[in-house]
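**Q** Listed here are the chains, written in short residue letters.
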Amino acid sequence: MTIRYAMVIDTRTCIGCGDCVVACKTENKTPVGLNRDWVVEATRGKWPNVRTEFRSERCNHCSNATCVTLCPTGASHYWRDTNIVLVEANKCTGCKACIAACPYDARLIMHPDGYIDKCTFCHHRVERGDDPACVSSCPTQCMHFGILDDAGSKVSQLLKTRNYKALMTETGNEPNVYYLT
Amino acid sequence: MDRREFIKVSGVTAAAATVPSIFLSGCSTQPNPGEGEVTATPTVCDICFWKCAGHVYVEDSVPWKIIGNDEDLHSNGRLCTRGTGGLGAYQDKDRLKMPLVRTVGPNGQQIFREASWDEALDIIAKRMQKIADEHGADRVALLNHGAGASHFKNLLRGYGSATFSAPSYAQCRGPREVAFQLTYGEGVGSPDRTDMEHSRCIVLIGSHIGENLHNGQVQTLTRALENGVSLITVDPRFSVAASKSQHWLPIRPGTDVALLLAWMNVLISEGLYDKAYVEQYAMGFEQLAAHVRQFPPEWAYLQTGLEPELIRETAREMAKNAPATLVHPGRHTTWYGDDTQRERAIAILNTLLGSWGRPGGFYIQEKVKLPNYPLPDYPKPKSTFKVAHGDDYPFATQPVSNAVIDASIGDDAHYKGWLVYGTNLPMTIPGVRPKLRQAADSLDLIVVIDTMPAEVTGYADVILPECTYLERYDELRNAAEREPSLALRMPAFKPRHDSKPGWWIAKQLGERLGLQKYFPWNDYSEVLDWQLKQVGSSLDEMQQIGVKNFPRKTPKYFQAGEARRFNTPSGKIELYSQRLADRGFDPLPVYKRPPERPDNYYHLNYGRMPAHTFSRTTNNPLLFQLAPENTLWINSLVARQWKLKTGDSVRMQNQDGIVSKSIRVRVTERIGPDSVFMAHGFGHSAKQLRLTNGLGADDSALMTNVLIDPIMGATGMRGNFVTFVKNSEQEHA
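Chains as they are written, first to last, in our numbering: chain A, 1 to 181; chain B, 182 to 914.
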């Protein structure tokens with residue numbers, strides 16, 4: 001893997017509006033009722049001492065993706081020489097091993113055409129130098145996308161200067177979606 | 182008790198709902214989006230009033246997506262959740278498809294039957310002519326929301342009426358506009374002239390930006406957050422904005438004026454106000470100082486429940502950052518019936534901070550000087566909308582919708598006919614349903630023009646299906662903004678079914694009423710082209726670029742020390758309002774206690790959710806997937822008392838015994854134990870809205886205690902209280 005793409009999402013400015021969900025839905029023409037990303041609200045504390053965090057979540061395009069490792073047919077694979085995890089519909093038998101393997105519930109149950117669908121980091125846009133649809137539509141501009149190994153990229157700069165977390169790093173999956181806190 | 186809530190709020194609503202019909206392997210790989218033949222057509226969004234410009238993308242003749250126009254100041258190339266889901270308005274299977282006419286069915290009951298456009302338009306024109314002949318043309322009112330109403334205003338002006346009533350006035354931002362007009366001689370306008378991207382301190386009072394997705398507001402507040410703005414949020418609920426704030430003031434509902442007076446007290450008593458600004462631009466400071474001397478933070482504490490030291494600290498924070506401190510006037514401001522006075526207090530507080538006309542406060546708007554298409558003079562209407570108000574609401578600058586409805590009830594009522602354009606009155610005006618039934622009995626004609634069926638269509642004599650904004654031309658967007666700018670809405674698709682653009686409908690009616698001289702063109706695009714050519718552009722150019730920005734000709738802010746004359750009787754900013762005093766109102770804002778909460782009742786607090794615009798989008802098939810219903814927020818203490826848990830269904834009963842539809846409970850610490858909260862727009866009863874009908878509850882149905890603002894007629898909606906009726910009890914009852 002020579003290129004690691006990362007998404008860096010600022011929870012300080014995310015308002016949980018769900019535009020990322022609709023933008024993904026229209027860009028990628030996902031079927032009714034199936035979405036590749038979603039928004040989580042996490043509230044802690046007791047009124048009136050409360051904290052709320054919104055997170056736009058999706059596939060973490062892990063550097064060590066268990067879904068790729070465990071896929072029996074090779075349908076789950078890394079796109080080119082990157083960390084972007086794709087499913088090749090032709091090879092997918094719908095066995096759901098990847099659903100069990102994914103710590104993030106980032107695999108859609110089943111595309112009506114009979115394969116497991118998921119976030120692609122909009123690789124068809126990334127290929128053209130565009131941000132994923134969710135990132136480019138976000139009205140708060142809380143989402144950032146770029147190459148992690150490029151020290152000058154916005155995502156690298158943000159991770160260098162801000163506090164951040166990733167989700168369930170203890171699984172060893174090495175997720176590539178980061179949340180600024 | 183679990184101290185941590187973990188709720189997926191969106192995007193997974195139906196994750197398990199779709200089961201593949203065929204369990205296949207070896208299916209073909211989908212092509213990547215955008216690999217086909219792609220076209221993009223300019224549009225101006227109509228999903229809300231913010232009117233962002235964008236492009237509608239079509240791939241291989243199939244509608245694909247809507248993306249913001251990078252040149253557009255309203256969106257900066259980024260539409261909000263609803264605008265991104267705008268294709269759903271076009272795709273909605275439940276759209277109005279052809280004209281419908283009320284008739285009597287075989288069993289004697291009233292029904293709608295389908296009609297041709299000719300027949301439907303003939304019926305309307307005949308009845309409008311009859312009203313004009315028998316009573317006068319001024320007896321027909323337009324009740325409207327949205328840009329497309331301009332075509333029907335042209336029609337009614339030519340016909341001889343001057344009552345164009347938008348519920349967005351008396352049900353939303355009217356008090357704010359009146360208060361700022363009284364104080365500064367001009368209103369806040371839309372888009373709101375807040376300069377948040379340059380603010381160092383922002384105060385939000387019950388204004389939950391982020392849940393209301395007014396795009397430019399969200400974007401500029403976010404820029405301010407990135408710049409480290411000091412955000413002070415006053416809200417009984419831990420709103421999204423509260424979650425981003427340095428200071429959250431969980432105020433006792435309805436006591437905002439007490440807090441505002443105490444803040445003024447601190448600014449003046451500690452000498453923190455902008456003395457030079459006040460001295461140069463304002464009048465009435467002495468009276469104000471004497472007035473607010475009575476209201477120190479210790480007094481306000483007893484009203485608001487907010488610690489005196491917190492009130493002082495936040496006042497000092499505002500002063501420290503002034504004049505780049507914005508006390509935001511909010512947008513939906515019709516709360517407790519003293520709303521103009523509360524907004525006056527906000528306007529005055531901004532004067533003390535010197536923020537009006539200053540960077541980080543309120544900028545001066547500028548729009549394009551766009552000539553109107555030349556039309557003959559309109560006839561002078563026999564009466565103005567003031568007829569509907571009688572001696573009430575002396576400071577209303579627009580007709581109050583609820584007063585227009587009142588003036589439509591009875592045989593001797595002033596109004597005899599309505600055109601209802603783009604507004605679902607029963608879910609828009611609180612407590613209006615019984616009156617709508619009475620008005621429907623009295624009126625000779627009700628025409629509803631809309632894209633979707635809704636509760637209001639049930640009152641119509643004739644329903645005309647307009648095509649959506651994605652299928653039509655409308656007037657150019659020429660909003661006063663940071664920079665003058667024009668934006669074009671044009672058809673991206675042919676109208677579906679037998680729907681027609683508003684301009685065509687108005688022209689057809691005009692021709693039938695002998696008013697063709699007000700429609701001297703074949704296609705509305707001719708009007709747009711003529712107007713654009715007056716300002717150095719053309720329809721051709723705008724069809725390519727969608728948005729054209731023009732350089733400012735006037736300064737965006739007051740210049741240092743410049744002399745200014747304000748459009749008020751004194752020519753100054755009027756802290757003390759002689760105009761209010763002359764009409765018997767308080768010349769300075771006075772605190773009035775809100776209605777007492779009865780035992781075991783809770784304040785009915787309501788608001789927006791980002792996925793929807795009022796009741797207009799809940800059936801949108803894209804947005805429905807994101808947010809199919811509203812929930813009722815209750816605090817865990819309330820949940821324990823009533824033995825309720827998240828996901829339970831309850832009905833609410835208000836102080837007048839009105840029972841709501843079922844709504845699911847959400848137990849959350851984001852609301853205190855004295856209130857409940859729900860998003861507005863759900864609880865539809867129109868069966869034609871097949872997705873949304875029956876889901877969630879409607880807050881407006883519970884608003885039977887309407888607190889009217891005597892200054893300008895706004896309908897305060899926050900004087901209502903609810904208790905719970907569990908669904909099982911309801912069934913036993």
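Bear in mind the hints are in silico, worked out from the structure with no lab data behind them.
On a predicted model such as this, the values are computed, not experimentally measured, just so you know.
A few of these clues could be false.
Unchecked claim - Once the Cα atoms are required to be at most 27 Å apart in a straight line, the calculated DSSO-like pairs of lysine-lysine come out as: (1) B/LYS824 x B/LYS334; (2) B/LYS824 x A/LYS46; (3) A/LYS46 x B/LYS826.
Unchecked claim - Facing chain B, according to a computed beta carbon distance under 7 Å, are these residues of chain A, among others: (4) THR13; (5) GLY18; (6) THR26; (7) THR43; (8) ASP81; (9) THR140; (10) ILE147.
Every residue, glycine too, gets a C-beta built ideally from N, C-alpha and C.
**Q** Quickly compare the C-alpha distance for A/LYS46 and B/LYS826 to 27 Å and report which way the hint goes.
**A** Holds, because 16 Å separates the two Cα atoms, which is no more than 27 Å.
**Q** Check the hint pairing B/LYS824 with B/LYS334 against an upper bound of 27 Å on the C-alpha distance.
**A** 53 Å, violated
**Q** Mind checking the alpha carbons of B/LYS824 and A/LYS46 for me, to see if they're no more than 27 Å apart?
**A** Roughly 18 Å separates the two Cα atoms, so the pair holds.
**Q** Taking the least C-beta to C-beta distance, is A/GLY18 closer than 7 Å to chain B?
**A** With a minimum Cβ separation of about 4 Å from chain B (threshold 7 Å), the hint on A/GLY18 holds.
**Q** Does A/THR140 hold up as a contact with chain B if the rule is Cβ-Cβ below 7 Å?
**A** 4 Å, holds
**Q** Quick one, is the A/ILE147 hint okay against chain B at 7 Å, beta carbons?
**A** 21 Å, violated
**Q** Any CB of chain B closer than 7 Å to the CB of A/ASP81?
**A** Check failed: Cβ of A/ASP81 comes no nearer than 19 Å to chain B, outside 7 Å.
**Q** Close enough to count: is the Cβ of A/THR13 nearer than 7 Å to one in chain B?
**A** 5 Å, holds
**Q** Report holds or violated for the interface hint on A/THR43, using the least CB-CB distance to chain B and a cut-off of 7 Å.
**A** 4 Å, holds
**Q** Do the numbers back the hint for A/THR26, that is, is its least Cβ distance to chain B under 7 Å?
**A** At 4 Å from the nearest chain B Cβ, A/THR26 passes the 7 Å test, so the hint holds.
In summary, the structure is inconsistent with hints 1, 8, 10 from the numbered list given earlier, while agreeing with the others.
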